[in-house]
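Chemist: In case you want the letters, here they are:
There are 2 protein chains.
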Amino acid sequence: MGRIICAGLGPGDPDLMSLRADRAVRGAKHVAYFRKVGRFGMARRIVDGMLSADATEYPMEYPVTVEIPVDDPAYNNALAPFYDDWADRLETLAVTEDVVVLCEGDPFFYGSFMHLYERLRGRAEIDIIPAITGMSGCWTATGEPITWGDDVLTVLLGTLSEDDLSTRMASTDALVVMKTGKNIPKIIRALKRAGKYDDAWMIKRGTMPDQEIHKISEMDDDENPYFAIIIVHGKGRRP
Amino acid sequence: MGRIICAGLGPGDPDLMSLRADRAVRGAKHVAYFRKVGRFGMARRIVDGMLSADATEYPMEYPVTVEIPVDDPAYNNALAPFYDDWADRLETLAVTEDVVVLCEGDPFFYGSFMHLYERLRGRAEIDIIPAITGMSGCWTATGEPITWGDDVLTVLLGTLSEDDLSTRMASTDALVVMKTGKNIPKIIRALKRAGKYDDAWMIKRGTMPDQEIHKISEMDDDENPYFAIIIVHGKGRRP
Numbered sequence: 001m002g003r004i005i006c007a008g009l010g011p012g013d014p015d016l017m018s019l020r021a022d023r024a025v026r027g028a029k030h031v032a033y034f035r036k037v038g039r040f041g042m043a044r045r046i047v048d049g050m051l052s053a054d055a056t057e058y059p060m061e062y063p064v065t066v067e068i069p070v071d072d073p074a075y076n077n078a079l080a081p082f083y084d085d086w087a088d089r090l091e092t093l094a095v096t097e098d099v100v101v102l103c104e105g106d107p108f109f110y111g112s113f114m115h116l117y118e119r120l121r122g123r124a125e126i127d128i129i130p131a132i133t134g135m136s137g138c139w140t141a142t143g144e145p146i147t148w149g150d151d152v153l154t155v156l157l158g159t160l161s162e163d164d165l166s167t168r169m170a171s172t173d174a175l176v177v178m179k180t181g182k183n184i185p186k187i188i189r190a191l192k193r194a195g196k197y198d199d200a201w202m203i204k205r206g207t208m209p210d211q212e213i214h215k216i217s218e219m220d221d222d223e224n225p226y227f228a229i230i231i232v233h234g235k236g237r238r239p
Numbered sequence: 001m002g003r004i005i006c007a008g009l010g011p012g013d014p015d016l017m018s019l020r021a022d023r024a025v026r027g028a029k030h031v032a033y034f035r036k037v038g039r040f041g042m043a044r045r046i047v048d049g050m051l052s053a054d055a056t057e058y059p060m061e062y063p064v065t066v067e068i069p070v071d072d073p074a075y076n077n078a079l080a081p082f083y084d085d086w087a088d089r090l091e092t093l094a095v096t097e098d099v100v101v102l103c104e105g106d107p108f109f110y111g112s113f114m115h116l117y118e119r120l121r122g123r124a125e126i127d128i129i130p131a132i133t134g135m136s137g138c139w140t141a142t143g144e145p146i147t148w149g150d151d152v153l154t155v156l157l158g159t160l161s162e163d164d165l166s167t168r169m170a171s172t173d174a175l176v177v178m179k180t181g182k183n184i185p186k187i188i189r190a191l192k193r194a195g196k197y198d199d200a201w202m203i204k205r206g207t208m209p210d211q212e213i214h215k216i217s218e219m220d221d222d223e224n225p226y227f228a229i230i231i232v233h234g235k236g237r238r239p
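As you go down the protein sequences, you meet chains A and B in turn.
Just so we're aligned, residue 1 is where the first sequence starts under our numbering, counting upward by one.
Just so we're aligned, residue 1 is where the second sequence starts under our numbering, counting upward by one.
A hint or two may mislead.
Okay, the calculated beta carbon distance ranges per label pair [what the hints assert, rightly or not]:
#1 T92/A with R238/B: 42 to 50 Å
#2 R39/B with Q211/A: 31 to 39 Å
#3 D72/B with H214/A: 38 to 46 Å
#4 T167/A with R39/B: 39 to 47 Å
#5 D85/A with D72/B: 56 to 64 Å
#6 I213/B with E218/A: 43 to 51 Å
#7 S52/A with D198/B: 23 to 31 Å
The set of hints was computed from the structure by calculation and includes no laboratory data.
On a predicted model such as this, the values are computed, not experimentally measured, just so you know.
By construction, the Cβ of each residue, glycine as well, lies at the ideal position given by its N, Cα and C atoms.
Build out the structure end to end from the sequences listed, making use of the hints.
Modeler: This is the structure we're talking about:
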């Protein structure tokens with residue numbers, strides 16, 4: 001009788017994986033991970049060199065990523081059968097042996113595994129290994145603490161409307177914006193409206209060997225990877 | 001020439017420490033950590049059994065914790081010289097050897113080390129090891145994902161006013177409240193005003209062997225440890 005183990009991999013540097021996740025990954029016989037069609041996959045990249053030589057890999061390739069807007073019903077219509085199918089396959093594998101599902105970041109914080117988890121609850125034993133969030137890796141990489149005293153932290157996704165983004169940006173102390181990518185021009189307009197543009201940082205591939213950290217106001221570059229995170233640090237009370 | 005290494009220890013379970021933090025702690029010759037006077041200390045407890053036999057320990061005992069309200073100037077007046085003094089001592093130690101400072105949770109997320117960091121920048125080489133936040137440990141322990149789709153996550157401290165808490169609670173999807181302790185009655189009133197009381201969970205000592213997880217509406221217990229975290233899960237879009 002096996003389990004489905006979701007190993008949170010953290011922000012990208014394999015040395016920031018937990019001891020528990022490291023053991024799960026190195027000992028895995030069956031390893032599943034999400035990726036975009038035609039890509040190696042971020043999660044798979046993080047564990048490169050760690051998998052056992054006899055591990056079987058199961059790339060779970062999204063039928064859609066950014067080609068359809070998330071609020072178009074076609075987006076969910078494409079993804080639901082994909083998750084249904086992989087839930088069935090993982091359940092079958094876990095009847096006899098452990099299966100390790102790799103997840104970059106922290107699995108229960110906007111992670112794709114959550115959609116498998118909802119389908120598999122009650123059908124298999126599931127173990128979730130939490131991890132350092134991408135945002136923690138990014139704010140540490142900036143060299144500035146994110147929250148002081150009783151600073152309020154707000155986490156927003158770039159898919160929200162410009163009005164919603166700017167209102168929420170204006171009312172928080174510390175700010176994280178995730179899922180940036182194509183939404184960057186809208187996020188920048190919202191930061192300006194909220195008076196936070198001059199204090200905003202963009203971190204690309206945080207904690208990875210090729211990480212880049214910029215104040216947004218000093219960037220002249222318009223390559224905006226999906227994994228970029230935008231951060232405004234809190235400035236609260238300090239003795 | 002030594003460094004000051006701040007090792008984020010994560011939510012409490014030592015198996016959730018990063019590989020890097022684990023190595024730093026086990027290899028440390030000088031280990032400093034915050035604690036309340038007369039207590040063993042949460043950070044020290046997490047690494048119990050991991051320290052080298054010849055490690056020298058430096059308990060940094062807060063001159064004040066909850067005896068003075070955080071908005072009373074006397075609070076900062078008591079803490080500032082304490083942080084000044086320990087910054088000097090750590091700087092002196094780091095002239096010749098590495099010093100590891102233990103921090104529960106993620107150091108740059110409301111961590112006490114930040115106050116030493118602000119004083120030591122430019123005076124010593126400092127390495128911050130990020131960690132799994134206490135809140136990630138807690139939401140994973142509930143068995144429910146914290147954020148779905150484009151859910152907004154707001155993190156609040158229990159030291160905020162009831163009005164501020166309730167307004168912010170009402171306008172977010174997913175919610176975390178930290179530094180609860182004596183603020184619990186106020187936080188509960190704010191949750192009720194915001195219409196989130198029935199969905200709120202309290203997690204005590206999340207990921208530790210004696211963790212407790214309750215829906216707040218089902219609790220009849222009024223022991224509220226400082227390390228309790230309150231969580232309301234988001235319910236956003238999912239395929």
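Chemist: Now, for every hint given, state plainly whether the structure supports it.
Modeler: Hint check:
1. T92/A with R238/B: 42 to 50 Å: 23 Å, violated
2. R39/B with Q211/A: 31 to 39 Å: 38 Å, holds
3. D72/B with H214/A: 38 to 46 Å: 39 Å, holds
4. T167/A with R39/B: 39 to 47 Å: Because 43 Å falls inside the window, the suggested range holds.
5. D85/A with D72/B: 56 to 64 Å: 59 Å, holds
6. I213/B with E218/A: 43 to 51 Å: Since the Cβ atoms of I213/B and E218/A sit about 45 Å apart, the hinted range of 43 to 51 Å holds.
7. S52/A with D198/B: 23 to 31 Å: 46 Å, violated
Going through the hint list in order, the structure does not satisfy hints 1, 7.
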